[in-house]
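For the sequence shown, the positions run -25 to -1, 1 to 238 when mature numbering (1 follows the signal peptide of the UniProt record, and there is no 0) is used.
None of these hints come from the bench; they were simulated from the model. The reader is advised that the hints may include incorrect statements.
List time: in silico DMTMM-like cross-link candidates among lysine to aspartate or glutamate, alpha-carbon distance up to 25 Å [what the hints assert, rightly or not]:
(1) LYS5 x ASP91
(2) LYS119 x GLU63
(3) LYS119 x ASP131
(4) LYS119 x ASP50
(5) LYS119 x ASP45
(6) LYS119 x ASP3
(7) LYS17 x ASP91
(8) LYS119 x GLU67
(9) LYS5 x GLU95
(10) LYS17 x ASP155
(11) LYS119 x ASP155
(12) LYS17 x GLU95
(13) LYS119 x GLU47
(14) LYS119 x ASP42
(15) LYS119 x ASP71
Here are the simulated distance ranges between beta carbons [what the hints assert, rightly or not]:
(16) PHE78 x LYS17: 28 to 34 Å
(17) GLY165 x THR25: 28 to 34 Å
(18) ASP8 x PHE113: 23 to 29 Å
(19) GLY106 x ARG27: 22 to 28 Å
Here the structure is a predicted model, which means the values were calculated and not measured. No residue lacks a Cβ here, since even glycine has one placed at the ideal position from N, Cα and C.
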Amino acid sequence: MQSFRLPVVLVLVLSVFALSGCASAKRDLKAGDYWPSGARWKWATMNALTSRGTWVPLLGAGVVSIDDWDQEISDWAVENTPIFGSTENAVEASDDLKSLTTFAMVGTALAVPNGDGAWEWKPERLVLEFGAVQLNNFLTSGLKSVTERERPDGSDNRSFPSGHSSQAWTRTTLACRNVDQIPSLANGWGLAIKTSFRVFAAGTSWARVEGGAHYPSDVLFGAALGNFVAIFVHDAFLPADSKTRFSATLSRREASFSIAFAF
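Throw the hints in and build the complete structure from the sequences for me.
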């Protein structure tokens, strides 16, 4: 299946380059415009850390690690396979659902209107988002090599964190960020579309547990990692899409809070 997906993605990317070739001529950008400032890096880091998509699954991974819950949930899921019916179906479903998150990311990136700023041209956005995916893959692979956790099915020692989960959530979070920048979806449809993308990612994660490839903590940490990487890269390089920003500053002498609205 991998041999099919790669050509499809390449064709999509090349098509966008061909169709959008004249867009860059209207922009007057320098090389420095493509690299975020120090303040932007800090802002993106805080957004990624404080995102519910990062700390909620991270907290969940910690909770299921208490006592022997991780093992018990894994054993129950493999024995009962409540969603997919068999471990084989679950493994196949995890691949298919992860593929859907790839198409979600690419499709929404193509739907975002071209802008005048750096990384706002469709081909640039695609390059940036695939770069985020590769960064996530690098971090996931590194953690697997360091932790060497054995999989529930005993097939190897690369269980933590789940690559399927981290990849699916990286792509899904980027797709959701893209939806926020599509003017025609600034309504209930946008929320419905983002919810469906998150169902794909959640399904990918659970399928890995039900298929005996990962423990719950593996997929939860993978989800947190994927979400963090996606928001970190997106918010560092691309324009803010949130209409409301909250910030807080604490010191020994005072505490200050601010809310900013963008129209």
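Hint check:
1. Between LYS5 and ASP91, the direct Cα distance comes to roughly 12 Å. Compliance with the 25 Å bound is thereby established for this hinted pair.
2. Of the pairs offered as hints, the one joining LYS119 and GLU63 holds, with about 23 Å between alpha carbons and a cut-off of 25 Å not exceeded.
3. Taken as a hint, the LYS119 and ASP131 pair is honoured in the structure, with Cα atoms around 11 Å apart against an allowance of 25 Å.
4. For the proposed pair LYS119 and ASP50, the alpha carbon gap of about 22 Å is at most 25 Å, so the pair holds.
5. Of the pairs offered as hints, the one joining LYS119 and ASP45 holds, with about 18 Å between alpha carbons and a cut-off of 25 Å not exceeded.
6. The suggested pairing of LYS119 with ASP3 is violated, with an alpha-carbon distance near 43 Å, which exceeds 25 Å.
7. Restraint check: the Cα-Cα separation between LYS17 and ASP91 comes to about 24 Å, which is no more than 25 Å; the hinted pair holds.
8. Our distance criterion of 25 Å between C-alpha atoms is met by LYS119 and GLU67, whose separation comes to about 22 Å.
9. A hinted pair counts as satisfied when its Cα atoms are at most 25 Å apart, and LYS5 with GLU95 qualifies at roughly 14 Å.
10. The suggested pairing of LYS17 with ASP155 holds, with an alpha-carbon distance near 22 Å, which does not exceed 25 Å.
11. Distance restraint check for LYS119 and ASP155: the Cα-Cα separation of roughly 33 Å exceeds the 25 Å cut-off, and the hinted pair is therefore not satisfied.
12. Of the pairs offered as hints, the one joining LYS17 and GLU95 holds, with about 21 Å between alpha carbons and a cut-off of 25 Å not exceeded.
13. Distance check on the hinted pair: LYS119 and GLU47 sit about 22 Å apart at the alpha-carbon level, within 25 Å; holds.
14. About 23 Å separates the Cα atoms of LYS119 and ASP42, which keeps this hinted pair within 25 Å; it holds.
15. Taking the CA atoms of LYS119 and ASP71, the gap is near 23 Å; set against the 25 Å cutoff, the hint holds.
16. Between PHE78 and LYS17 the CB atoms are about 33 Å apart, so this pair conforms to the stated range of 28 to 34 Å.
17. Evaluation of the 28 to 34 Å hint for GLY165 and THR25 yields a failure: the beta carbon distance comes to about 22 Å.
18. Under the hint 23 to 29 Å, the C-beta atoms of ASP8 and PHE113, about 26 Å apart, fit the expected range.
19. Checked against the given bound of 22 to 28 Å, the beta carbons of GLY106 and ARG27, roughly 24 Å apart, stay inside it.
Checked against the numbered hints above, the structure breaks hints 6, 11 and 17 and satisfies the rest.
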